[in-house]
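Each chain, written out:
Number of protein chains: 2
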Amino acid sequence: MRISEQTIHMKNINSKPFDTPLGFFWAAAEAGIKLANRLDLGLLNSETPCNAAAVFTQNLFCAAPVTFCREMLSAHGNNIRGVVVNSGCANAATGPDGLENARLMARMPQSTGCAMADSENFFVCSTGTIGVQLPMDRIRAGIAEASKKLAQTTEGFLDFATAIMTTDTVRKTAAASLEVEGTTVRLVACAKGSGMIHPDMATLLAYVATDAKAAPEVLDRAFRYAVDRSLNCMTVDGDTSTNDTAIILANGASGAEIAAGSEAERDFTAALTSVLQDLARQLARDGEGATKLVEILVTGAPDFLSARKVGRSIAGSNLVKTAIYGRDANWGRIVCSAGYAGVPFDVDRVRLTMGEILLFEAGGPVPFSEEDALKVLSEEKIVIHIDLGAGNEEATVWTCDLTEKYIEINGSYRT
Amino acid sequence: MRISEQTIHMKNINSKPFDTPLGFFWAAAEAGIKLANRLDLGLLNSETPCNAAAVFTQNLFCAAPVTFCREMLSAHGNNIRGVVVNSGCANAATGPDGLENARLMARMPQSTGCAMADSENFFVCSTGTIGVQLPMDRIRAGIAEASKKLAQTTEGFLDFATAIMTTDTVRKTAAASLEVEGTTVRLVACAKGSGMIHPDMATLLAYVATDAKAAPEVLDRAFRYAVDRSLNCMTVDGDTSTNDTAIILANGASGAEIAAGSEAERDFTAALTSVLQDLARQLARDGEGATKLVEILVTGAPDFLSARKVGRSIAGSNLVKTAIYGRDANWGRIVCSAGYAGVPFDVDRVRLTMGEILLFEAGGPVPFSEEDALKVLSEEKIVIHIDLGAGNEEATVWTCDLTEKYIEINGSYRT
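Protein sequences, first through last, are from chains A and B.
Per this note's numbering, the first sequence runs over residues 31 to 445.
Per this note's numbering, the second sequence runs over residues 31 to 445.
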């Protein structure tokens with residue numbers, strides 16, 4: 031599916047203010063969970079119940095809030111009131127106490143007197159240090175404070191997006207709107223991830239709120255399609271975290287219905303994909319120690335999953351990532367990592383370009399100008415395009431380069 | 031299979047001289063393929079025809095000598111006379127000319143007048159720069175020179191092992207002997223790999239020569255068993271090269287037969303595994319930029335492949351490897367990488383130790399002394415033991431730490 035420029039309006043979030051979806055209220059508080067004087071508690075609350083879809087880490091060692099969210103989605107996925115999230119503590123490897131704390135945290139918007147929380151159906155997410163229990167008094171105080179500040183504003187949304195950051199160096203947000211039979215539907219999304227300081231672990235958290243009216247199965251289908259082509263097409267270092275969570279809430283406040291099988295579903299899915307791809311690029315670019323965003327376009331594949339597998343194999347290669355850091359048009363490392371992806375193709379039909387430079391064709395290297403290559407590789411965004419000559423499907427995968435800074439960040443001895 | 035100390039005698043290769051297998055002659059020459067004044071051409075020649083077994087890279091982009099060796103093994107696997115190998119040029123991504131050059135190279139021991147080469151059945155291996163054709167005149171001159179120097183000596187073997195090195199910082203060799211019904215059988219092995227300087231690619235080459243008498247199918251079975259538990263249990267950076275090749279030649283010169291299904295087969299397989307595991311440890315320890323050897327023992331697995339999968343997942347984690355470099359007993363990164371290996375187990379039954387220190391048990395971290403952990407992590411060899419509590423099988427995987435030096439080696443701009 032290609033995104034229709036006519037119907038989807040991507041927003042440049044840096045040009046504030048922009049419209050947040052109707053009926054969603056946002057806030058953040060400085061709860062002092064790990065550090066003082068920073069927003070570390072986010073609250074998202076919908077005026078009316080939402081349909082929800084969500085995807086979670088596949089790691090066997092999943093954190094307590096992931097277990098809790100899975101249960102919440104399964105029991106109340108058509109009646110969700112919001113999300114409460116903290117940074118500074120991941121509530122992972124915390125046993126039964128950790129799970130009980132996640133449950134308590136979900137009830138806090140209501141129990142601390144948040145005017146709009148008339149049910150306990152909140153998703154709970156945590157990111158930060160693992161193996162440590164949540165400081166529940168601070169969490170409670172933070173939620174109480176955030177409850178008072180809830181606002182349907184750009185600033186509220188941006189505060190929420192700030193509160194989920196750990197060692198991210200930039201805030202990641204995206205927004206879009208589309209017209210459904212004359213009615214405007216809005217989406218906003220934010221995410222965090224890729225930074226970590228020992229003993230924290232990487233966590234990817236992503237949230238999308240939309241005022242579209244969409245049945246749970248429509249929402250789930252659109253979300254899985256979009257996540258597959260965005261967050262699941264992004265890698266920093268190949269390590270799947272224990273806390274990864276992506277959630278979409280649809281409260282229907284726009285009145286526009288996304289009916290199953292309709293043109294609207296197609297447009298909505300495209301808009302959602304576009305928003306999440308925007309976040310995926312931002313996440314990859316802010317990978318630990320990264321100096322460059324690497325976009326890997328795989329075409330000529332027999333199917334999407336094969337294309338993505340090849341893209342991920344290239345994106346996962348330390349050798350490719352260090353070569354790009356070193357501004358080296360190292361076609362050998364790229365074709366090599368494509369070759370061990372486990373996807374069958376004929377190496378003599380492979381065509382590889384970096385930027386506009388043709389590097390490999392018909393089974394062998396193509397002479398190129400080192401000067402031109404250095405120019406392409408000096409850019410902040412590097413586009414690698416490999417055509418497998420084995421079909422008509424494609425995928426794009428995003429990653430970053432691998433630098434000494436990554437080693438420094440992750441190898442620095444605990445103090 | 032456990033190695034029987036009664037029957038297998040591992041040799042400490044550093045305490046020269048040691049017995050090389052009967053009937054194998056070794057030599058090396060300075061052919062000047064890439065650099066002057068270094069051994070870069072190795073020749074191994076058996077007095078009598080050998081049975082052979084070999085395993086090759088699974089990369090779709092395999093180099094010309096790999097294609098050639100596969101054909102040679104299939105056509106003449108029971109009548110091999112030796113190996114000719116060069117460093118300095120990988121003969122990879124070289125098209126039909128490259129394949130023709132590999133064929134020519136195989137015939138050179140005989141055509142240049144080597145007294146012992148009375149057939150053209152030589153394996154051909156190359157390692158070094160890719161995308162460049164072999165300098166055939168130098169190869170020919172090198173083979174002619176080596177032919178004259180062939181000797182059944184420790185020195186000849188060590189020269190051969192030196193000639194295959196690229197940017198390896200140490201030579202990797204191992205040897206063992208065993209008694210088969212009163213007759214001594216000898217094995218020697220050498221390997222190269224893990225070092226690379228752009229635009230070279232990593233190549234793992236490993237050779238084993240034995241004077242055992244073993245039918246091709248027995249040799250193949252023993253070799254695959256051993257490789258699976260040694261070279262295939264080792265990773266530096268997860269990048270599978272285009273040239274990986276491991277070969278065993280058995281010339282039967284000892285007169286001792288390794289009969290299928292016999293006690294001798296069991297002992298021979300154990301000795302072979304032991305020798306190749308020794309090489310695997312040496313290869314991992316000499317990984318690019320490495321300061322430490324990391325040995326990951328996975329026990330309590332439902333089967334060997336599952337155990338190895340978990341071990342490889344831990345060994346492949348950049349986060350684990352940087353933590354070890356940083357002398358950080360980061361149990362979280364270790365259990366996390368085990369959790370996404372794709373092997374089912376109950377996280378509450380997992381037990382993790384590093385050295386003698388218990389780090390994780392019953393689903394949660396165990397308090398430990400930072401001082402003790404720093405002591406363990408300051409050693410040059412780090413042993414991680416994870417028990418999955420999910421069966422009785424086990425595997426050991428070897429890797430190294432990930433350091434700034436790796437980035438420097440692989441990210442240095444081409445000059």
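One or more hints might be untrue.
Since the list gives no way to pick out one identical chain from another, each pair is judged satisfied if it fits inside one copy or across any two copies.
The calculated DSSO-like cross-link candidates involving lysine-lysine, where the alpha carbons are at most 27 Å apart (straight line), are [what the hints assert, rightly or not]:
1. K339 to K178
2. K178 to K405
3. K339 to K179
4. K435 to K405
5. K411 to K178
6. K64 to K179
7. K64 to K339
8. K179 to K405
9. K339 to K411
Note that these hints are calculated values from the structure, not bench results.
To see whether the hints hold, each was checked on the structure:
When the C-alpha separation of K339 and K178 is checked against a cutoff of 27 Å, the pair qualifies neither within a copy, at 46 Å, nor between copies, at 50 Å. Taking the shortest Cα distances, K178 and K405 never come within 27 Å of each other, neither inside one copy (52 Å) nor across copies (51 Å). Taking CA atoms no more than 27 Å apart as the test, K339 paired with K179 passes in neither setting, with 44 Å inside one copy and 49 Å between copies. Proximity of K435 to K405 under the C-alpha cut-off of 27 Å is found in both arrangements, the shortest distances being 23 Å within a copy and 26 Å between copies.
Taking identical chains as interchangeable, the C-alpha atoms of K411 and K178 are never at most 27 Å apart, the minima being 42 Å within one chain and 55 Å between chains. Taking identical chains as interchangeable, the C-alpha atoms of K64 and K179 lie at most 27 Å apart only when both belong to the same chain, with a minimum of 22 Å there against 69 Å between chains. Taking the shortest Cα distances, K64 and K339 never come within 27 Å of each other, neither inside one copy (38 Å) nor across copies (36 Å). Taking the closest pair of Cα atoms, K179 and K405 never come within 27 Å of each other, the shortest separation being 49 Å inside a single copy and 50 Å across copies.
For the identical chains of this complex, K339 and K411 are intra-copy neighbours only, at 21 Å inside a copy versus 34 Å across copies, given an alpha-carbon limit of 27 Å.
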